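*Asks:* The whole structure should be built from the sequences, with the hints applied where relevant.
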Amino acid sequence: MSNEKTSFVYVTYIRSTPEKVFEAITRPEIARRYWGHENVSDWKPGSAWQHVRANEQRTVNIVGKVVEVTPPTRLVITWASPSQATDPSSFSRVSFDVAPYEDMVRLTVTHDELEAGSGMAKGIQQGWPIVLSSLKSLLETGQGIDVFAKPKAASSGSLS
Amino acid sequence: MDADKVFKALGDPTRTKVLDLLYEKNGQTLGQLCEHLDMARQSVTQHIGILESANLVSTVRRGREKLHFINPVPLQEVYERWVRKFERQRLSLLHDLKKELEGD
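Quick note, the sequences are listed as chains C and W, same order. 110 is the number that our numbering gives to position 110 of the first sequence; each next residue is one higher, with no gaps. 69 is the number that our numbering gives to position 69 of the second sequence; each next residue is one higher, with no gaps.
No wet-lab data here; the hints were simulated from the structure. There could be a bad hint or two in this list.
Stated by the list, open to error - Chain C stretches covered by chain W per the calculated footprint, using a threshold of three residues with CB under 8 Å from any CB of chain W: (1) 76 to 86; (2) 131 to 142.
Stated by the list, open to error - Below, in silico cross-link-like pairs of lysine-lysine (DSS-like), each with a Cα-Cα straight-line distance of 30 Å or less: (3) W:K25 to C:K20; (4) C:K65 to C:K44; (5) C:K122 to W:K99; (6) W:K66 to C:K65.
All figures in this text were calculated on a predicted structure; none of them were measured in a lab. Using N, Cα and C, we set each Cβ at its ideal position, and we do this for glycine too.
*Replies:* Listed below in structure tokens is the structure:
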């Protein structure tokens, strides 16, 4: 296996406030409305966080640690599949940067330290654009989009 | 941000090539991108500027380097706005046809 790392930078502009965008990431009752998942943590540096499917099964799909929390402008977390959580090298890193931009908010999601070509790298490439466009839709129109919708022939493996 | 800007940005073979190059290998410098494009560096810079203003490319400074990343979020928005509803419509047309043929 090569240890080459890869990274992705996603940007969206949302007509909202930095506080609302930050809360939409960190508060489970908002995240479930556009992500189908909740991000559960006390959001203190060093604490654990979990990405939990917002249904009856409450499946934990991603785990990690909170690295940096500066509401409402910056949040950094580590990110791994629960099945790989014993392997430190499987953890990637996600940084959310929230900045006012004219009358909008510029949200930058940087997902780095990813193993190039891994299932996780492929999954997040499908997932983040959908999640961010659903977040934008929720904050601007009050409605998210169905993040689990996919064309009939598409493979699975979104951000789940 | 703006669907018109997205469509305009996509309506040029050099710019779609830049997106393809970044899809293959994300986070490239201007120099790396220029190696695959048969035109002056300055022209490439202009094309990238149009992609950036459509939010299809984002840039990150790392030390002295400026790295370019493909940002598909606006494409997802175009997909939601322009593709998904036709997919739904097509599915429902097929459903109607099936009902018609099966006499249900």
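*Asks:* Quick one: which hint numbers does this structure break? Sort them smallest to largest.
*Replies:* Of the numbered hints, 1, 3 and 5 do not hold.
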